[in-house]
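Asker: Got chain G sorted already, so can you dock chains R, S and A onto it with the hints?
Protein chains: 4
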Amino acid sequence: MAITFNTDKKYDIIAIGRACIDLNANEYHRPMEKTMTFTKYVGGSPANIAIGSAKLGLKTGFIGKIPEDQHGNFIKQYMSEKGVDTSNMVFDTEGRKAGLAFTEILSPEECSILMYRDNVADLYLDPTEVDESYIKQSKVLLVSGTALAKSPSREAVFKAVSLARKNDVKVIFELDYRPYTWKSQEEVSIYYSAIAEQADIVIATRDEYDVMENRQTEGDNQETVNNLFQYEAELVVIKHGVDGSYAYEKTGSIHHGKAYKTQVLKTFGAGDSYASAFLYALMNGKDIETALKFGGASAAIVVSKHSSSEAMPTVSEIEQLIKDQSVD
Amino acid sequence: MAITFNTDKKYDIIAIGRACIDLNANEYHRPMEKTMTFTKYVGGSPANIAIGSAKLGLKTGFIGKIPEDQHGNFIKQYMSEKGVDTSNMVFDTEGRKAGLAFTEILSPEECSILMYRDNVADLYLDPTEVDESYIKQSKVLLVSGTALAKSPSREAVFKAVSLARKNDVKVIFELDYRPYTWKSQEEVSIYYSAIAEQADIVIATRDEYDVMENRQTEGDNQETVNNLFQYEAELVVIKHGVDGSYAYEKTGSIHHGKAYKTQVLKTFGAGDSYASAFLYALMNGKDIETALKFGGASAAIVVSKHSSSEAMPTVSEIEQLIKDQSVD
Amino acid sequence: MAITFNTDKKYDIIAIGRACIDLNANEYHRPMEKTMTFTKYVGGSPANIAIGSAKLGLKTGFIGKIPEDQHGNFIKQYMSEKGVDTSNMVFDTEGRKAGLAFTEILSPEECSILMYRDNVADLYLDPTEVDESYIKQSKVLLVSGTALAKSPSREAVFKAVSLARKNDVKVIFELDYRPYTWKSQEEVSIYYSAIAEQADIVIATRDEYDVMENRQTEGDNQETVNNLFQYEAELVVIKHGVDGSYAYEKTGSIHHGKAYKTQVLKTFGAGDSYASAFLYALMNGKDIETALKFGGASAAIVVSKHSSSEAMPTVSEIEQLIKDQSVD
Amino acid sequence: MAITFNTDKKYDIIAIGRACIDLNANEYHRPMEKTMTFTKYVGGSPANIAIGSAKLGLKTGFIGKIPEDQHGNFIKQYMSEKGVDTSNMVFDTEGRKAGLAFTEILSPEECSILMYRDNVADLYLDPTEVDESYIKQSKVLLVSGTALAKSPSREAVFKAVSLARKNDVKVIFELDYRPYTWKSQEEVSIYYSAIAEQADIVIATRDEYDVMENRQTEGDNQETVNNLFQYEAELVVIKHGVDGSYAYEKTGSIHHGKAYKTQVLKTFGAGDSYASAFLYALMNGKDIETALKFGGASAAIVVSKHSSSEAMPTVSEIEQLIKDQSVD
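Residue numbers (the UniProt record's numbering), protein chains in the order written: chain G, 1 to 328; chain R, 1 to 328; chain S, 1 to 328; chain A, 1 to 328.
Heads up, none of these hints are tricks.
Not everything, but these chain S residues come out facing chain A in the computed CB check (under 8 Å): (1) P127; (2) E155; (3) F158; (4) K159; (5) S162; (6) E186; (7) E187; (8) I190; (9) S193; (10) A194.
Stretch by stretch, here's where chain A covers chain G in the computed footprint (C-beta under 8 Å, at least three residues): (11) 58-71; (12) 116-122.
Since the hints were derived computationally from the structure, they do not count as laboratory data.
Just so it is clear, the structure is predicted and the values come from calculations on it, not from any experiment.
Idealized CB from N, CA, C, for every residue including glycine.
So that you can see chain G by itself, here it is in the shape it has in the complex (with noise of 0.2 Å):
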């Protein structure tokens, strides 16, 4: 089966969240200590969502908060050039900086990120500097948990979806759970649950899901996914890395997307790429399988990549990669 969205819209996707900025290592097979020159990236996993959508054709916008210097200019120039609108990107005037995420390359398995997260201009997005008007145009608005993290960007994120809610545009919340700035896990149970609840489409790793039920131990798909056809959800998807991922519908349809091979290079970049071409495929009305297909062909061409944003696939190397490993 197929979702289908409200046609009689400007946007395709609007994201709501961080843009940030990544320094990626360079020099290969080493820990960030021996790590002595970074390349700058756009970074910041909706940023990344809106830069591989817009790639894929979609029209996206979007909305956050961007330091008012050179690393803000820069993030707002490289969105820009992708195609994504940034009318809705707004500066910092208290002086926050960036986030920044220096990465090391060591191995396929391990690549540590060191993290510059402390008062960044992000997370002080206000629901002031959310604007109806410009939701309103869209299909649907893409969540990212990081923003719930902390006042008065959870403020932002809260208005943004009740305007969504109000204006028949679709919620997809991507949990994109970073441990860092939350208090407690609990926490972030209470506000990833209270967003959940909004959502009609939900996208997160086993591992993530478990942190919104403040559970300790794995849990099970099938309880985490009657819980939320409670609520709005019509699809819920669980992604299990080198198993792939499962969409579960609200119809009870389950679907099983595989993952596909690749030479890893590094990890991260992974789930932003798995979205974007999930949501292009989805927003292009193919079915849920292709969907799944897309999203898992999109990870692994990023993790072969050094960049996260800069790597994002076209449409034609993901199908040619869905070609190349099918069983036929």
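Answerer: Structure of chains R, S and A alone, referenced to chain G:
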């Protein structure tokens, strides 16, 4: 019509929120600058409602954080003596203090209050201190809006409401709006709406609904009520001061309760005494008209006296006033 | 010997630091939990000293920040009525409150105090609010150690002391140590030392010097004094409670003043009344022995009464007590 | 004339303050927005001076707080390899990060820097982490003004200076003024003055002395110097950029050192290389004229290279440049 409550529960009402100290002027008809002595009472809207309800005979409990000092000890002892279960009142271990309200008694129309609410213990109630096994024992969870003003008390309320809904405990939301502590009216609106959408009964003044709806001018009762009835609410009470109060049922019925004549000494305490008597009546199976009378009569008694908590009336005092001012 | 002061100045003493509210128990011989009414007084060590000095006839002024509310108004009116120049008391415009001290009067030995000192207005006195043209008009700048507990009040004191030294104004440092607000004893020690090294006269209890010297056990008076005499000090007073007080001159002279017998109601206020009478005597050209008697007698009077500020004695009351308890 | 140092000490210089990360643009002649790769170096004025001094052959140590992460590990390893004793560099246990300085290399005149200084580890050095037994082993304690910008690092510096004076260790104060972190110029002025009054040698640019004196317009060198000579200072260095630098002795002698010609790549690092070579010369018994030449030549070398720390010159490089540009 009457509202039905789950009878299979140990407590009638468990309130969550602040328990503080009122310091009421002993000298009347003068500004606070000229007031030289003060009398100490337990205060804070949900504490007053718990005390008032207990005095009327309901089985009540309280969830809140109090300071580990002489004021905290007094609050706990006083509430316990009045019949409120204090087993879930926790002491703050970080040296935070009780909120204070210094009141002047200048005239029946003017009674300014000087609040101490900076870093008060009650706003540090943590979600880990909210216990499911306690909440599930109650027919009603009474939420005071001021407990939403700051983290982590805000998250404690979200958790309590979620546990109440899971365990078939009715959620009653008393907006109890106080401007201090909140960052902006928009923030109030976001969190008040999030809780009101999960409440079975909502009680507030017209002004407080306007804040919840983030309006600058007075809203329309029917519009307010229509919006809430889209969610969980079955009963909405809107208070209009000397013009009395209105109760709207989801069925469409509307009831009006008059304001009772009284010798006003000061206006504070009116809302808390209203809520405790209104709920007492509802929970004793009386119809909504009678509950409105109970609320109005109780408020009339408290505004004629020196305190909010200590002045809470008995059932016979309320019934006597209703009888004295009945038209027949 | 007597200390000489610059006679060519308009004010005798300008004090800098906190002016707060005391709420003293009206009911005696019971813990605060059982105290139901309180009387309001102006409090705070430097405010008490300024009031006490003014009552004795010194020309006094005050530099400090008070809340823009009913308590702030009361403080300013009261001090002005008692003869303290309040032209350099500024109102806080950020909604901060007056410090509060609730006192119980349990027994002559036990009188616990419950302090409200979180984000109080007095600690937000800014260096820009310290005016050179005011300070230069005074013979003495009296610094209260508690004003060093937090920025920006700490910097305001550094500036005031620097301006006093530049303008030939004697610096008198009353350590006035209160454990709240400070982060660690080491922090106290660092800032107390920095100011004590610039003071002409230092006054404190033995316990307070131990804190300044970051000791865990009682230090030696002569060692304390030797250290201070390396810097600017010409007179050092060390108080030993019921054993009286000692004044050390840079010349090597040592003087002892006895503690006067009295009917103790509560112990607080003793240090402030001591300082105001000691300074009054010094500034009126009396010798140090006489000044020690004035200090001791004034303290004996205040601890027998209900307040600290309102109870400050007159010169004739002090002289009468000294006469009554002289050996001859 | 030459300055004499206590020869009976293990270390020549122990510096206190920040050790951070510089991320210098690899691409030249473009704004940071267009800079895509960066090279990582140890940075921070006192760390650079310690590294520069060690490279010249002085025995140096460092007191500071670094993050417990990959950047902190790198800083400690690098400094240790360059010969700096790191036994008193402590790891922050609260998750705080290293300060970062992203630099662009636009033109010899314009090189903007983007600083990350929010809640950085170095400003959380605690006075309890300053060890008397370490400081007493050094001839010189070098204090960087930026370490005064915030508590508790500010108190750590006060303690270190007090311990240095007590143990016959010369205090050298490098003003190293950076506008970030400070609340106001008045605050800078208060703390810079408090430390400058206790320093034996003070080194800064004319602009930095103007900040210390809380001036809006350029002050007069002789006035600055006269003021400092009232306290502990025996030598005051005032730098005037391309016009060279001046050294004032308490005896009244004044010396001028010229700026050396060089191919400027970027301007940062000049002050740190100046200080390390100037101090090297002084501590090796050279006269003040020669020390000024060493400072100027060292600065000329570093501004022609890519980094501040890694580019620190050797003695022979400095001597060669002095020789090359001597008039004869």
